[in-house]
Amino acid sequence: MDAVFSSFDEYLAAFGLTIGLFVVSGIASLVWGTILAVLRVGPVSVLNKAAAVYVALFRNTPLLMIFIFVFIAMPVLGYNFKFVEGFEIAGWNVSAFFFRACLALTLYTSAFVCEAMRSGVNAVPLGQAEAGRAIGFTFAQSMSLVILPQAARAVIPPMTSVLIALAKNTSVAAAFGLAEATATMRGFTNDNADQRIGIFLAFAIGYIVVVEVISLSSYLVERKVKVAR
Amino acid sequence: MSASVLFDAPGPRTIARHRVYSVVSVVALLALVALALWKLYDAGQLEYELWEPFVTPDYVEYLLVDGLLETLKMAFFSIIFAVVFGLVFGVAKLSDRAWVRWPAWLVVEFFRAVPVLLLMVFAFFLLAIGNGPLSSFWCVVIALTLYNGSVLAEVFRAGVNAVPRGQAEAAYAIGMRKSQVMNAVLLPQAVKIMLPAIISQMVVALKDTSLGYYILAPGLTAVAKPIYLEFNNQVPAAIVITSLYVVVNLILTWIATLVQKRLVGEKSPLELSRVGNLQGGDNTA
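First to last, the protein sequences are chains A and B.
Last residue of the first sequence: number 231 in the working numbering, and the count goes up by one each step with no gaps.
Last residue of the second sequence: number 1538 in the working numbering, and the count goes up by one each step with no gaps.
Because the hints were derived from the structure by calculation, they are not lab data.
This structure is a prediction, so every number in the text was calculated from the model and none was measured.
Among the hints, erroneous ones may be present.
[Stated by the list, open to error] Below, computed lysine-lysine pairings styled on DSSO-like, alpha-carbon distance capped at 30 Å:
1) LYS1431/B / LYS1326/B
2) LYS1514/B / LYS51/A
3) LYS51/A / LYS1292/B
[What the hints assert, rightly or not] Restraint ranges, calculated between C-beta atoms of paired labels, are given here:
4) ALA98/A / SER1278/B: 42 to 50 Å
5) LEU1290/B / GLY18/A: 56 to 64 Å
6) GLU87/A / ALA1289/B: 20 to 28 Å
7) SER9/A / ALA1284/B: 45 to 53 Å
8) SER146/A / THR1309/B: 23 to 31 Å
Virtual Cβ for every residue (Gly too), placed ideally from N, Cα, C.
Take these sequences, add in the hints, and give me the full structure.
So, in structure tokens, the structure goes:
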């Protein structure tokens, strides 16, 4: 593990990038996945089917293929997202690589978020939806004021699984030129072949910490908002 | 709660409004598809030469034999080994002896929390690079076995726990020993419950074989590269490879659903904590 301790800042920077990918694409997939879930349970059957096709397609495509689409196929069509490099958020320059990785992760993860959200909508007691309708809410109102907030409380455990999977999936970005944790481990192992077991353990522990922090915070949130039945 | 209780049975005005929404969304979706096709056309990606490799017998054979077959082989071996791994550790986690139970718990939790790609890279550097004994094919299989085996260990544990208690009690009552109860009564019952979950785990394994791309393992993602480098047809290659994955996965999902209906019934008794499932969300399709 000496190799890791002697360049510990590099180790931290690698996990910083991993966490950055997780947070940005996590928020984006929660938003896009919820929109998809609303489309899937909504009254317009064309949109139901379109969202169902999206979910089936992206759930059955390996994440790596989506990365290949975004990183290798899209630039051929003229989408390289270089323009994001012009933006600056609080002194941080967003790189096109980071943006594309987040795009790929979001496209993939939102399909799973949609499924988790839909199971949450199914867990909302019938009476709540009826009560919403009884006081004259439209679909949009009962969805945004009653169903989704109630579903969000029920959906925390499956959503945690999705988010943990996302945290681990950020490792795929390693194959596409981002120096996040997995790519950095590969670099370390390349340079210090005699310490590969120590290096592996150091990076595995990093991921385990990330995963445990996610599941602990989800546990705390769940305990706070859980429906008493 | 079905969708119909989310909104009232529509009256004439709502029906008319929904019709408008439908038309608008059909137009929007068609516009989106048309835009995508136009973009492909504009970038010259619809030209026949770029698609030609995928109808040329030699390349089709290359795709199917060196790509799809290798991918299926990797997934197949991973699942077979993972079932064994899961059986051993699932039963160990159920053991009455703490010195068996806790190490098994540690192993399962460790491999579920670590990304598969990290395991693959580690196996690759440990076993393949230099004069390592194994090819990268087997490094992919090892990484997938450890990960999927840990997930299946939880499936096995839940499966054994899902067998009605009375069966174990009856077996003890007629004088069976603990190992006999497990081997002769609980496991055969549990396998039936678990079969759909094992098949859908195969979808996960199949999707994850694609990660072998990073450690130069064979498979669909590996054959894509020389094709698009030679013909400069990145978009068609990605579309073809993705459709192969999607078709195989849909077939597997369909088989899992069929088995579920035959053997288990509509509702699965397996309520798993799906922490760290790379597929995310549902295990049983």
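Cross-check of the supplied hints:
no.	hint	verdict
1	LYS1431/B / LYS1326/B	37 Å, violated
2	LYS1514/B / LYS51/A	24 Å, holds
3	LYS51/A / LYS1292/B	24 Å, holds
4	ALA98/A / SER1278/B: 42 to 50 Å	32 Å, violated
5	LEU1290/B / GLY18/A: 56 to 64 Å	40 Å, violated
6	GLU87/A / ALA1289/B: 20 to 28 Å	25 Å, holds
7	SER9/A / ALA1284/B: 45 to 53 Å	51 Å, holds
8	SER146/A / THR1309/B: 23 to 31 Å	53 Å, violated
When the structure is compared with the earlier hints, violations turn up for hints 1, 4, 5, 8 and for no others.
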